[in-house]
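Sequence lines, in order, name chains A and B. FYI, our numbering numbers position 173 of the first sequence as 173, with every residue one higher than the one before it. FYI, our numbering numbers position 33 of the second sequence as 33, with every residue one higher than the one before it.
Honestly, I wouldn't trust all of these hints.
Said to hold, decoys possible - Taking lysine to any residue pairs in the SDA-like style, the calculated list, with each CA pair at most 20 Å apart, reads:
id, chain 1, residue 1, chain 2, residue 2
1, A, Lys151, A, Tyr136
2, A, Lys151, A, Arg167
3, A, Lys151, A, Met169
4, A, Lys151, B, Ala48
5, A, Lys151, B, His14
6, A, Lys151, A, Gln59
7, A, Lys151, B, Val68
8, A, Lys151, A, Ala135
9, A, Lys151, B, Pro24
10, A, Lys151, B, His66
11, A, Lys151, B, Glu13
12, A, Lys151, B, Gln76
13, A, Lys151, A, Arg54
14, A, Lys151, B, Leu23
15, A, Lys151, B, Gly139
16, A, Lys151, B, Leu19
To be clear, the hints were calculated from the coordinates, so they are not data collected in a lab.
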Amino acid sequence: MGRDFRDMAEEFGGLVFTYARYSLRQREDAEDVTQEVLVRLWTHRDAIEPARMRGWVMQVARNLVVDVARRRRARAAVIAESVDALGLDDVIAGPGAADDGLNRGELRGILERAIAGLNEPYRSIVVMREIQGLAYEDIAAGMGMPLGTIKVYLHRARRVLRDAVQREMGSDV
Amino acid sequence: MSERLEQCEWAREHMEPYLDVELPEAERAAFESHCRSCAACARELSLAIRIRAGLRSLPVFAVPAHVVEQSAREIQAASSNVIPLRARALRRRFALPAIAAAVLVVAAALWLGTARRQPAGYSEAEIREARAGMAMAFGYVDRYSRGVVGEDVLEKRVVPRIERAVRRDETDVTSPSPKRS
């Protein structure tokens, strides 16, 4: 095991941990998910095509995040049973306090709050694409959705994020 | 709806594809042309770009070292509860010699049992020794079959004893000697 496992953990561990941290917003939960994904990845490594490994990892991570969110009732991590039933209005929980500034630090704070307010699957898709920069194909594999659907959800999520930022900053944008 | 508003609506619908560089050349040119002449859409575009840059600037985390270590320990612990395939293959490879050894032991014991009733048989001490050896051999074979001891132990402790017994018995059969003391 040794070196091989650590190489694999280094390659995929950060990916999973980042995704889980943004999705669950609790470090301990994110660590649990990451550990479980790494163990499963090592156990099944010979059965996974190398080209699909990233998608496989994200799919397992996503399933575990959903399980943890349900089991531990993490705040704002309630997963909708049918994503199709979600309309644009309920994608975001609500705007935060208005802020007149737009420096980089404030924008980051606003974005973190806006991401936290996103419902699934929007939040997962935004984290994978916009923060982690994953390919659409890997996101589609991870989410278990067609590529076109991923793009539609991402488009909606971006609009919602933009609206949230505008609301937080007031009409001075 | 005025033509201007329609253009703004079209521009905002195409803003994300524009940023994804997914618009055909003609639409891309039309979009840029509109944003140059429309302050509201230019502000929208500016905000969209800043949001994207802001999202990309959010931290990406490395996996904590202790998570990797715990995962490695969990894998190690799980694997120690399972007989590795290699070991199983080895056991299968040496199962036949083990069975053969057991058969030899049984055969030797039967032969000794028969010889005991013959006038030119073995002494009581030899029979006790043979029985003890047989019991020991069976014990090792049993422990070997349960994976308690390895093939090396079997070879070191049992096989030489059987070989000695077989050699001695062959000598006795080919050149019978008078009753031993």
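Hints, verified against the model:
1. A:Lys151 / A:Tyr136: holds (8 Å)
2. A:Lys151 / A:Arg167: violated (24 Å)
3. A:Lys151 / A:Met169: Violated, at about 27 Å.
4. A:Lys151 / B:Ala48: holds (16 Å)
5. A:Lys151 / B:His14: Answer holds: Lys151 (chain A) to His14 (chain B) is near 13 Å, not above 20 Å.
6. A:Lys151 / A:Gln59: holds (17 Å)
7. A:Lys151 / B:Val68: Given that 20 Å is the threshold and the Cα spacing comes to 33 Å, the pair is violated.
8. A:Lys151 / A:Ala135: Distance of about 11 Å is within 20 Å: holds.
9. A:Lys151 / B:Pro24: holds (17 Å)
10. A:Lys151 / B:His66: violated (36 Å)
11. A:Lys151 / B:Glu13: holds (13 Å)
12. A:Lys151 / B:Gln76: violated (41 Å)
13. A:Lys151 / A:Arg54: OK: Lys151 (chain A) and Arg54 (chain A) at ~19 Å, within 20 Å.
14. A:Lys151 / B:Leu23: Since the Cα atoms of Lys151 (chain A) and Leu23 (chain B) sit roughly 14 Å apart, the hinted pair holds (cutoff 20 Å).
15. A:Lys151 / B:Gly139: Violated, because 68 Å separates the two Cα atoms, which is more than 20 Å.
16. A:Lys151 / B:Leu19: Given pair Lys151 (chain A), Leu19 (chain B) holds - Cα atoms ~13 Å apart, limit 20 Å.
Hint violations for this structure: numbers 2, 3, 7, 10, 12 and 15, all remaining hints satisfied.
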